[in-house]
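2 protein chains.
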Amino acid sequence: MALIVHKYGGTSMGSTERIRLVAKRVAKWARAGHQMVVVPSAMSGETNRLLGLAKELSPQHEDSAHQRELDMLASTGEQASSALLAIALQAEGIEAVSYAGWQVPIRTNNAFTKARIESIDDQRVRQDLQAGRVVIITGFQGVDEDNNITTLGRGGSDTSAVAVAAALKAHECLIFTDVDGVYTSDPRVVPEARRLKTVSFEEMLEMASLGSKVLQIRSVEFAGKYKVPLRVLSSFTEWDIDIDEEAQSGTLITFEEDEQMEQAIVSGIAFNRDEAKISVISVPDKPGIAYQILGAVAQANIEVDMIIQNISKDGKTDFSFTVHRNDYSRAMDLLKAKVLPALGNPDVSGDTKICKVSIVGIGMRSHVGVASKMFRSLSEEGINIQMISTSEIKTSVVIDEKYMELAVRALHKAFDLEQNQA
Amino acid sequence: MALIVHKYGGTSMGSTERIRLVAKRVAKWARAGHQMVVVPSAMSGETNRLLGLAKELSPQHEDSAHQRELDMLASTGEQASSALLAIALQAEGIEAVSYAGWQVPIRTNNAFTKARIESIDDQRVRQDLQAGRVVIITGFQGVDEDNNITTLGRGGSDTSAVAVAAALKAHECLIFTDVDGVYTSDPRVVPEARRLKTVSFEEMLEMASLGSKVLQIRSVEFAGKYKVPLRVLSSFTEWDIDIDEEAQSGTLITFEEDEQMEQAIVSGIAFNRDEAKISVISVPDKPGIAYQILGAVAQANIEVDMIIQNISKDGKTDFSFTVHRNDYSRAMDLLKAKVLPALGNPDVSGDTKICKVSIVGIGMRSHVGVASKMFRSLSEEGINIQMISTSEIKTSVVIDEKYMELAVRALHKAFDLEQNQA
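Chains C and F are the protein sequences, given in the same order.
Last residue of the first sequence: number 519 in this note's numbering, and the count goes up by one each step with no gaps.
Last residue of the second sequence: number 519 in this note's numbering, and the count goes up by one each step with no gaps.
Heads up, a few of these hints could be off.
Note: identical chains are not told apart, hence a pair may lie in one copy or across any two.
List time: in silico DSS-like cross-link candidates among lysine-lysine, alpha-carbon distance up to 30 Å [to be verified]:
hint, residue 1, residue 2
1, Lys121, Lys433
2, Lys125, Lys152
3, Lys121, Lys152
4, Lys125, Lys266
5, Lys470, Lys435
6, Lys510, Lys121
7, Lys435, Lys322
8, Lys211, Lys152
9, Lys499, Lys211
Calculated from the structure, these hints are not laboratory results.
The structure presented is a predicted model; accordingly, all values stated were derived computationally and were not measured.
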């Protein structure tokens, strides 16, 4: 029997009826002899309700004293849902105790609303586990060294669960969510998309950052860092599904290099259409240009994704980057007002009707020709590539957004992802 | 300028609009140069909402592990309202910080759902006050020595405010509520009832236990023990009322003997019709009888108020007591099943259509004939007295409930309470 961490999202905790079902599922695992730690999110809608009240009183801003109070406020959502889950487990006849982040304690830095976990004390939790209790730990929150409550930011409950699993050296961390695993691509776009039984951390990392919204990216980084076996699975199966079957369901995110040996070269096709591209044309190709352009953008807190600069011609080069579509106008205004005048007012062009499509696969590290196969496949469909960017296990292209579905399906087929696979 | 504690009840904190008004009132006091500590209740309805969710999952019961979770759950209400008030104050341009009970910390014993405060550490709060911040401390809750969250039970926020004021040696603790002070009697029954500018602790204690629902009785005990000047006043005045006028409004509950010297003999007429009386007739007058009867009642967690036993005749005596009307049937059943058989099945009678009317006044200690004046006044109205019980500063009678209003008005007049008074 093993030490297991379960994490349940806000939808799974969305009503007392759902909380009862979570309790029955956890009770099943506890009765099977496992030492159980559960990390729940707040009941769905609760965090937004609380922050909505705060917004009625004051617009949200960066002031640290203000953000400290937002964390005091928002952290109550998980404390309440954790206590309710403990009560539901007790009603099932299971001994259970809930702890807020500060009671464990889960120590974080003091970056309110986006704190980072620094350490987790496992002593109290271990005592409870040894006494046969299910331990429920609030997700999303911790406490800084001055005993102020902090929160980890959106999706932070995944990170909490992984961090707790790492601190307790858990056998596995099961993330129960509303999807039943990680797919080779989005089944709504590619009906032939197939659930992966395993996926490597690196691939998961690339897929998460590319828009597979299954797991919060920081939780995957954390799991990789501490080598926590992570499983994504559905909380919408019947609670009394056979436990051995459940333990093998979903997608296991692995960290062992060896396990990847037999893996396909490309594991999945990711895509998103949340971005817009901006190109500054014919700027002098001299040191400091990239910083001059992107420094101003970063200072305005605009996140930049792809950055492309090609070789120069006649001492001039073109400089392109992508930002979130919501930031497009702000970035453009900023460039025109503050950056371009200092560069001699070069031309600037932009396009919001683009999408990014990526192939992701740990096998790309050791296989040549993967990118060119991607480009050929797109070319055969008559799709023009506007930008290319590559990393060790990923190749991304920017194309006209109207071709997105076509491109994703073509690539899914080209890399044989729809085949049945062990 | 002084250190002042404000306490605001759930109705005052009932919406963001109301919280904004509380913030404006507190800001006014802070701007006048006072060091401000504020103890808010949860937003009205929130505690019941949370405990309602728990009830859907499990019936409430006495198990300590269960009650621990109820406290984890219920304490979130005050944490959220405290953070919201801090945010509202910051929006007013006032530096503010909120603390949950465990952050102060407010140490209690571990009697979950009805904990008692044992100590309050004032260090962190003082640092903030010295730095010019308004400090908001969650009412109703504390933390036991094992870092479990505890709550103080219904009305516990009043107790929190008084305890905080005691720990900080505050100049005054202002309890803002939905009434504008303590009256000589209930204005709904006695239209001539007059607000008392001051009332002694002892009187307040008697009035609170007799049904003046202005303040939670434990908070008054606490204030008396630590000699915290306590003022009850309305939170429904305009927030921008002149601060000197506000500081003199409501009713001041005093602990100085000297201040009582000029006080009237009787300060108020209290009453309630929540009780029922039970009499056991002609029981043997021998040692242990009172315990035999009341021990069983107490073991069943039934609270007894008045207890009367008169001198015996022929070795027999009558024994009467009052209980809450809700407990009447249970107490009767218990007596008949378990107590009376052992006493030779004496007759028992009961009456739920009674009321208790009391005159309360610290002056009674030093004045004779106060009780007899009360009895004469009732007799003149043709009201029969069924039971009498007296304490140092109170005389209570039980009468037929249909005479309650008549009795209260007659006594209010007999003791000249409607007169204008300094």
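_Within, between, both or neither: how does the pair Lys125, Lys266 come out at a Cα-Cα threshold of 30 Å?_
within (22 Å within a copy, 53 Å between copies)
_Treating 30 Å as the Cα threshold, decide for Lys121 and Lys152: within, between, both or neither._
between (37 Å within a copy, 17 Å between copies)
How do Lys470 and Lys435 come out at 30 Å by Cα distance, when the copy is not named: within, between, both, or neither? Close neither inside one copy (41 Å) nor across copies (89 Å); limit 30 Å.
query: When no copy is specified for Lys211 and Lys152, does a C-alpha distance of 30 Å or less occur within a copy, between copies, both, or neither?
result: within (18 Å within a copy, 34 Å between copies)
**Asked** For Lys121 vs Lys433, is the C-alpha pair at or below 30 Å within one copy, between two copies, both, or neither?
**Response** neither (59 Å within a copy, 43 Å between copies)
- Query: Is it within, between, both, or neither for Lys499 and Lys211, if the alpha carbons may be no more than 30 Å apart?
  - Reply: Neither: 36 Å inside a copy, 64 Å across copies.
### Message
Reference check for the pair Lys510 and Lys121, CA-CA at most 30 Å: within, between, both, or neither?
### Response
Answer is neither: 41 Å inside a copy and 64 Å across each miss the 30 Å cutoff.
Check your understanding: 30 Å Cα cut-off: does Lys435 pair with Lys322 within a copy, between copies, both or neither?
Key -> neither (40 Å within a copy, 67 Å between copies)
What label fits Lys125 with Lys152 when the C-alpha limit is 30 Å: within, between, both, or neither? The answer is between: 23 Å across copies meets 30 Å, while 41 Å in one copy does not.
Comparing the model with each earlier hint shows violations of hints 1, 5, 6, 7, 9; every other hint is respected.
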